[in-house]
Amino acid sequence: MSRTISSRLSSPEARLALIAVLVFVFMAVLSPDRFLSVQNLTSMAFQFPEFAILALAVTVTMLTGGIDLSVVGVSNLSAVVAAMILASIAGETAVGAGAVMWLILSMVVALSIGAVCGLFNGALVAFVGMPPILATLGSGLIFTGIAVALTGGSAVMGFPAAAAWLGNGLVLGVPVPLILFALLAAIVAFIVSRTAFGLKLIMFGANPRAARFAAINVNGLLLRVYMLSGALSAVAGMLVMSRANSAKADYGSSYLLLSILIAVLGGVNPYGGYGKVIGVVLAVLSMQFLSSGLNMLQVSNFARELIWGVLLIFVMLVNSPRAAALLRRERTT
Amino acid sequence: QEETSIATVVKIAGIQWFDRMEQGVDKYAEDTGTNAFQVGPAQADPQQQAALIEDMIAQGVDALAVVPMSPEALEPVLKRAMDAGIVVVTHEAASQENTQYDIEAFKNEDFGANLMEQLATCMGGEGEYAVFVGSLTSQTHTQWIDGAIAHQKANYPNMTQVGDRNETFDDQQQAYAKAQEVLRAFPNVKGMQGSASTDVAGIGLAIEERGLEDDTCVFGTSLPSIAQQYLETGAVDGIGFWDPSIAGYAMNKVAQMIMDGEEVTDGMDLGLEGYEAIKLDGKVIYGQAWVNVDADNMADYPF
Amino acid sequence: MSDTDPPLVEMTGVTKKYSGIVALSNVDFTIRAGEAVCLAGENGSGKSTLIKILAGVEPRNAGDIRFSGVAQGALSPRASADAGVMVIFQDFSLFPNLSVAENIAFSTQLSAQGALYRKAEARRIAAETLKRVGVDISLDARVESLPVVHKQLTAICRALAMDARLIIMDEPTTALTEREVKTLLGIIRRLKADGVAVLFVSHKLAEVLEVCEKVVVLRNGEKVAEGPATEFDSASLTRAMTGRDVAETPPDPLAADAPVLMKVAGLSKDGVFHDIGFDLRAGEVLGVSGLLGSGRTELAKALFGLVAPDTGTITLNGAPIPLGDPLKAAAAGIGYVPEDRLTEGLFLDQSIQRNVAVGRLDAYDRGAMLDLAGLWGEARDWLKKLSVKHSDPEAPVRSLSGGNQQRVVLARWLARGPKVLILNGPSVGVDVGSKSEIHDIIQALAHEGLGVIVISDDLPELLATCHRLLVMKGGRITDEIIGTDTDETDLGHRLAS
Amino acid sequence: MKNINLARNEVLVALVILAFCAFAALSDPRFLSIPTLTDLLRNGIILGIFSVGAMLVLVSGGIDVSFTAIAAFAMYTTTVFLLEYAPGLPWYVIFAIAMVLGALLGCINGVLIAVFRLPTLIVTLGTLSVFRGFLLTFVGSKMISALPPDMRGFSRMMMVRGTNADGSFYSLPWAFAALVIVVVLTWFILHKTMLGRSIFAIGGSDESARRIGIHVTRVQFFVYVYVGALAGLAGIIHASMSRLANPFDLVGLELSVIAAVVLGGARLAGGYGTLTGTLLGVALIVLVQNSLIVLGIPSTFQSITIGILILVGTGLPAWQAKRAEARAA
Ligand SMILES: Nc1ncnc2c1ncn2[C@@H]1O[C@H](COP(=O)(O)OP(=O)(O)OP(=O)(O)O)[C@@H](O)[C@H]1O
Ligand SMILES: Nc1ncnc2c1ncn2[C@@H]1O[C@H](COP(=O)(O)OP(=O)(O)OP(=O)(O)O)[C@@H](O)[C@H]1O
Ligand SMILES: [Mg+2]
Ligand SMILES: [Mg+2]
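Residue numbers (the working numbering), protein chains in the order written: chain Z, 1 to 333; chain C, 1 to 303; chain W, 1 to 497; chain G, 1 to 329.
Extracted from the complex, chain Z is given alone in its bound form (with noise of 0.2 angstroms):
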């Protein structure tokens, strides 16, 4: 019995599940009537598909061994963007299908600028031959730099009153956000695993110089990962936009951090080659469950962060062989 649970654990996603579910059970417990509710419940899945979408924006990066320094700056920049089409062409009194219609517009306009600044990233990392570490850091500054330029610094708003729908909509009960946040991960999932790309690029996380020597097209894969990583990041920045109802150079800072966090604890290796979409969201719904249950309890905020990276650390022990080994040797001596 007991062996078929530890083998059941083995994998690292098996052991994020019971995590989430433990947190979840946990804040259930301790309040019940509120942590339950509905309302809680729904609010929860507006808030973490923003940051979610940015998680896997990152992943993606990772699983090549690489990084995305610059999602942030990415989303706001291509926010701002289709906010200034939104707000400048379409304006506030746009209705009906001429508002659908630039909404539309602007969405495909912030894509594009995503899948530009992936580009950007891809080649520099690709043709330059930087550390993605450095080629991100670099270009998310410019990218928010832009942003501040095009904007002067204040927020872009007023907005269709369809843009709305994007960020606080539900269908059939469904946060919107959320709906695309599943599909967006199955996508990716999907990518990851079924496609000849994703297995690309997991072969090249695992070992870029056998990659070249195995006939994979690097340079094309590599721009194609940083791409797919600006445009995801885009639409976490219509989502913010469409949450927020404006676009800003500055919104969602903290997220660059916490999109990273989501990634490692999800078990992607940042150092490439393995991970999993189903750790990530896992790591997401626990990293909300914490959140949210803490507010309710009037933990302070600064404790969450205390708490992340704890449980970071942790999961990263309870993984790694070299901690058990030498429990064991502790046990046994």
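No lab work stands behind these hints: they were computed from the structure.
Be aware that a few hints might be false.
[Stated by the list, open to error] Residues on chain Z that point at chain W, a partial pick, calculated with CB under 10 angstroms: (1) A28; (2) S31; (3) A186; (4) A189; (5) S193; (6) L199; (7) I202; (8) R212; (9) A215; (10) G273; (11) Y274; (12) I278; (13) F314.
[Claimed, not checked] A few chain W residues that don't get close to chain G, going by computed Cβ distances all over 12 angstroms: (14) A79; (15) L94; (16) E222; (17) A229; (18) R281; (19) T315; (20) N317; (21) D392.
Ideal Cβ positions, reconstructed from N, Cα and C, are used throughout, including at glycine.
Using the hints provided, position chains C, W and G with the ligands relative to the given structure of chain Z.
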């Protein structure tokens, strides 16, 4: 039946300014017996604040008193709160749409002009000056500086602004380095006006190291506890602020009034210092609650 | 020194398990001062494991170890080093970022227990050791910038710099060409004369029998044979290692009317190779040999597009192939099995089947989705065809032995149905049994009409596989030899001349 | 530097610095003055100490993003503790306390990385959150400007002081000596001790290091403890010099510091890094960050400028290395 709960949601938890505000909130709770409490995100990020408000709505508070990090970003979530029947009162957000009342200690442009007036007086109405903002993305800071510059242009033609608006990222070290650079790039600069509470401290430090305490004039928004040592040496000549504890108290009080169906009227006395005769402009309640502090009266404000 | 002295090293009943796998089982082993012992065995038979235990790098699960009669507890690298046991690891274990001098002197300075690093002293030690070996390498060169031979020699010098009483060499000759091997064997003889014992691991049986007094054979972690080297010859040693007879047969002659498959003309890259031209016919196995630095690996890479030549043409079935683009070369039907399996060939932590299938991803790309069933099915077919010994195709390829790993890389390329296959060192670090099986695969491929280019300096291997041989020197082709016109001694002379 | 090698980061960065200075001097001749120099040196102290630590970690083959949190923790906790229990201690004791505190936090990184062999990036990402969260939750989150008297006193201790033509002062605080000491000590450790050589060796190949008997665990542990102590020192100097203990300070600088170090030629893969290069990298970043007003770059374009600088500074050597590799192949 459960007691009324009012959540005051501030920009960021734990800093002096909002700790002082919390004193007001706590005092209100004590005075009235309501469950009034204050929360704030760990990072200065509008999205974190929005998430926090979401959680408060889900928790079912009766009223929200919000000091928005970025008013635009909170419109949808505050709308959701009001749709859910929660009373919403804001502070430092005159442009906020989804609020029942916004309480302003003063008109931002007027406050900026007030600081400029003191700066100009100190400078003798002539010479070069530089301005600092915490971030270019902060609406409040922008309005203060707009008001200040407009006041200078209208009244002190012999004064000239040098350089751009210097961005300090609410970081004293950055304010210090920027002030140093301003002193190098514009050796004739005689005045500086800061916006973030750490700006004058950074500027003051640079002034002191240059030994220019008596040759320059420095004014800005800050708190006595932050600027004290520079006020003492004259590196900073004066600061302006409003008492956040009173603002916090006022927000809670107005929220309770709305819940009780009482009306807020122009010229009304909220019974709070600086809010004895409020001016009502649409949904915005203006007080005359700014305080100017210099080396002489700083001891009166122990926060 | 007499036989009554306790042996330098005496292992009794040593057992080592890796999470269930028994890598060594109850092995007894002794070595005396001034003796050269050869450790032989197939891939995965436990040779490196035994060495790691002696070196204190891995703990043993059971068994006793005595150094000069003194029983040892848990060993550590330092304890072993202090007892005079020095190892030249299979992968050299050098520090690529440090200078030659420092690499050579590092162990010595560590044992000296001093807290300070004495640079002048380090240089003196290094210079002396290099002189003793009789090679000339710049003391200040960074090891990463050295050619493989010099890295190997640096590793040897590091071991010699210590007052070693036993030097263990784990496959030290894989990276060396015939000439350097001769130098190394000379060094070993001198060491023996100085009373230093040598434990030598190699898959090249000829050189083993040349320098060693005693042979110990491992199979599946057990000692299966032990005796004076004079009692063994290549055939009997092979039988002891594999438990069967392994025969190498020369290739069938090439059909006279075999069409020209690949044509290389005027291929040059400044400072690397010059004016290379040759034809490769369908069904032909063409050997390319030469000393290290002769430009043969660069040429191989250039044929596959990994190196961009300055001038020249490569055509395949009459169609020109763009230079310097591995994707186009691969698409045109050229395959390349790299020299360094571990860093260039394999994705070590990925599954065996993924390592095969990675070459076929585009072929199974069905619009938006991969045909996974087809992909894995084909990969497993190839694993079966090349008889890769594995327990689970989803296990990481790291868990395979060297010979089987090499077959995985081969399978990847064969699955793509190439027209020309370039094999750079196809049997480096592969045991005799597997080696002959890989040679059989090469011959079978040629039979099917593939053109095969084998780059190697293993003479028996070249003779066993190639119809024709090109010898490179200083970046030029200096000699062309028809396989049937030569034998090992003749070939050796012509290579070294 | 016998012959000028353009492929070396140090040389490239030095050239970029010279070009930048020439450009700044052309656009404003006052740029070349003693106050500019003293201001830049002063503003490089904290970044410099941090960079030396970050360089050491990179050389050992790791990466540390938690040192800013350690600095903030050590600085703030020391201040709070002193104000509560011993406000009158002399500055060197205060500094020692902060360094010990930093070293203790470094121990936590050390145990997780050296003993449990967890990946350094993840560990330090985690401890960054833990240290900061713990500090703000349990120690405090308010700025303290009423520092212990000797901390303030320290900020007034000047090594060099002089008067400009217009009567204002320029000065270089003694805190700069701390950077010099840190650099000299680290140079000594790295180049003159077996410990230092072992750090390089581990960065080159930790497996090889283990095999020749280097105590990898101990060496790695030392690295993180030493870096923790340096961070504590940088933190307390920062608080003293700015006469303010702000627990929100410093965190957020970590990536810029690492960028400066890589700019100076250290490799993220480990084993490579020089103090000269590191200091040049810091110099370039400090120079640019403190010359944007002089150059008349509008505030809205300042972050773009710094972004471009990082891309150019790290991109050029990367591109050259890539080309060299392609040529050699
Ligand atoms: N770290 C390890 N973990 C698990 N199994 C291992 C490990 N190292 C070696 N093994 C296994 O132990 C056995 C003996 O391996 P060893 O490396 O000693 O073989 P070898 O004789 O040196 O082979 P080769 O000729 O290929 O170098 C093999 O089955 C191998 O897979
Ligand atoms: N108690 C022990 N019993 C057997 N082998 C051991 C023991 N302790 C360590 N070893 C082995 O010795 C080798 C080195 O040990 P380890 O990796 O713990 O140390 P290190 O990281 O090299 O540095 P340090 O010596 O400072 O601990 C390892 O291969 C380990 O398995
Ligand atoms: Mg003054
Ligand atoms: Mg081996």
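Hints, verified against the model:
1. Against a cut-off of 10 angstroms between C-beta atoms, the interface hint on A28/Z is violated, since the closest Cβ of chain W lies about 38 angstroms away.
2. A least Cβ separation of about 44 angstroms between S31/Z and chain W goes past the 10 angstroms threshold, and the interface hint is therefore violated.
3. Violation of the interface hint for A186/Z is found here, the shortest Cβ-Cβ separation to chain W being roughly 13 angstroms, above the 10 angstroms cut-off.
4. Because the closest C-beta pair between A189/Z and chain W is about 13 angstroms apart, greater than 10 angstroms, the hint is violated.
5. At its closest, the beta carbon of S193/Z sits 9 angstroms from a beta carbon of chain W; the interface hint therefore holds under the 10 angstroms criterion.
6. Checking L199/Z against chain W by beta carbon gives a least distance of about 6 angstroms; that is within 10 angstroms, so the hint holds.
7. A hinted interface residue such as I202/Z counts as satisfied when its beta carbon comes closer than 10 angstroms to some beta carbon of chain W; here the least separation is about 8 angstroms, so the hint holds.
8. The criterion of a C-beta within 10 angstroms of any C-beta in chain W is met by R212/Z, whose closest approach is roughly 7 angstroms, and the hint holds.
9. Given the 10 angstroms rule on beta carbons, the hint for A215/Z holds: about 4 angstroms separates it from the nearest Cβ of chain W.
10. Below 10 angstroms, beta-carbon pairs count as interface contacts, and G273/Z has one with chain W at about 6 angstroms; its hint therefore holds.
11. For Y274/Z, the shortest C-beta to C-beta distance to chain W is roughly 8 angstroms, which falls under 10 angstroms, so the interface hint holds.
12. Given the 10 angstroms rule on beta carbons, the hint for I278/Z is violated: about 18 angstroms separates it from the nearest Cβ of chain W.
13. Violation of the interface hint for F314/Z is found here, the shortest Cβ-Cβ separation to chain W being roughly 24 angstroms, above the 10 angstroms cut-off.
14. Non-interface status of A79/W relative to chain G is broken: a Cβ of that chain comes within 12 angstroms, the nearest being about 8 angstroms off.
15. L94/W, annotated as away from the interface, has a beta carbon of chain G within 12 angstroms; the closest lies near 6 angstroms.
16. With a least beta-carbon separation of about 26 angstroms from chain G, E222/W lies farther than 12 angstroms from that chain, consistent with its non-interface assignment.
17. Distance check on A229/W: its Cβ is at least 29 angstroms (rounded) from any Cβ of chain G, clearing the 12 angstroms threshold; non-interface status holds.
18. Residue placement check: R281/W keeps its beta carbon more than 12 angstroms from all beta carbons of chain G (closest about 28 angstroms).
19. With 12 angstroms as the threshold on Cβ separation, the claim that T315/W sits away from chain G holds: the shortest Cβ distance comes to roughly 22 angstroms.
20. The beta carbon of N317/W is kept farther than 12 angstroms from every beta carbon of chain G, the shortest such distance being approximately 27 angstroms.
21. Non-interface status of D392/W relative to chain G is upheld: no Cβ of that chain comes within 12 angstroms, the nearest being about 27 angstroms off.
When held up to the earlier numbered hints, the structure conflicts with 1, 2, 3, 4, 12, 13, 14 and 15 and fits the remainder.
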